[in-house]
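*Asks:* Taking the hints into account, I'd like the entire structure generated from these sequences.
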Amino acid sequence: MLIEFDQAVVSTPQAEVLRGVSVTLAERRIGIVGPNGAGKSTMARLVNGLVVPSSGSVRVDGLDTRQDLKAVRARVGFVFQNPENQIVFPIVREDLAFGLKRLAPDRQQREARIDSQLARLGVGHLADRSSHTLSGGERQLVALAAVLVMEPALIVFDEPTTQLDLRNRNRVRAAIDGLPHDAIVVSHDLELLEDFDRVLVVRDGTIAADDTPAAALRWYREHCG
Amino acid sequence: MMEPLYVTGDTPLHRLPAWGKLLALLVAGAGLFVLRDPLWLAFAFGFSVVLVWSTGVAAAAVWRQVRGLLWVLLAVALFTGWFQGPLEALAVVLRVAAMVGLALAVTLATRTSDLIAVCEKALRPLERTGLVDAEKVALALALTLRFVPEIWRNFQEIREAQAARGLGANPVALIVPLIVLTLKRAQEVSEAIDARSV
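So the protein lines, in turn, are chains A and B.
Under the numbering used here, the first residue of the first sequence is numbered 1, with each subsequent residue one higher.
Under the numbering used here, the first residue of the second sequence is numbered 1, with each subsequent residue one higher.
Errors might be hidden in some of the hints.
To be clear about the criterion: a stretch of chain A counts as covered by chain B if any three or more of its residues have a C-beta under 8 Å from a C-beta of chain B, and this derived list gives those stretches [as the list claims (entries may be wrong)]:
id, stretch
1, 72 to 84
2, 87 to 93
3, 142 to 155
Source of the hints: derived by calculation from the structure; they are not laboratory data.
Even for Gly, the Cβ is constructed at its ideal location relative to N, Cα and C.
*Replies:* Set out below in structure tokens:
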């Protein structure tokens, strides 16, 4: 999937969060790191159209996130840092079905899709569980499954392992590694990004480094550590 | 995140269609106002208890749901007893308790999504008037159900945090962070719904 940032600026009344970012992303696994408040999450949100640029543009497979929002969102899934925000319905199966109604009007087809995505992430046994009884890692995997049922081509993860303990972090990491989808991962978990194809370092609203994971993470440790 | 009332199961009540249960609840609710005799109302209350029990829900979970209501029932009983006598007070309390029991049985044995689907279907004919968007109303209902227990949990957490700071009796110290937290969470959930392309 091709993502093109063209002089993308994001401003709020308080500050300029992104300052004219221009970059083209086409790799399968892309990591974004940077200090808190640097603009990483804003950059990730631009890809899904959750944030639209104040000036400049962001295009996903040629579709402008401002003009073709619906088509962009159908292609780009988004997994949030806090899965509690993402889970709307109390039962896992119900939550995954939410949003699928239009894509798969047939109930059996819908159920099959839900079961297959939960099984893919190794959490098929959670289908009929209450989401509030799940562990942090299980919740994050359910949130990911809820994105996967919509069959996006690209998934953006905004700090998916930040709130997790080591075991759950490894589960989520394995799940991300196993996905055939393109992925953009915003993370402070540098180890997670080591095997990626490309890593961007965002600092003060600009891309300060853009390289292979080894080189970009070295730069990040030296300049932002 | 919503703490569900629904109990997973395969009881006869679970197997009934959601629309049937809601319709029966509507009819029974109206019927309870026709009944005046405390004996019949006691029978209705007993029946609702049996229905709740038949869903397989743990007694502790039911207690958590209904304990707050006991104070309301007590107040209603005292008020009615004072003005209309003890027999009428008994009838009112039994009527309310039976209605709550029946409603609880329905929610325990029916998925939220099924309840919302029924509401959506029921509202569809009104869409022709152009005044109602059934899908949006159903989503609003789902979100309301989601947020009620969460707001209550947030309230308790803030109360504990403020009590730890010695601000337990200050209503402003409770309400302001609760409103801010609720609005922030509402914003985050709406973003998540948007991101899911719903």
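*Asks:* Each of the hints needs a verdict: does it hold here or not?
*Replies:* Comparing the hints with the structure gives:
For the stretch 72 to 84 of chain A, the stated coverage by chain B holds: 7 residues have a C-beta nearer than 8 Å to a C-beta of that chain, and at least 3 were required. By the rule of at least three residues with a Cβ nearer than 8 Å to a Cβ of chain B, the coverage given for the stretch 87 to 93 of chain A holds, with 5 such residues. As drawn, the stretch 142 to 155 of chain A meets chain B at 3 residues by the rule of a beta-carbon pair under 8 Å; at three or more, the given contact holds.
The structure agrees with every numbered hint stated previously.
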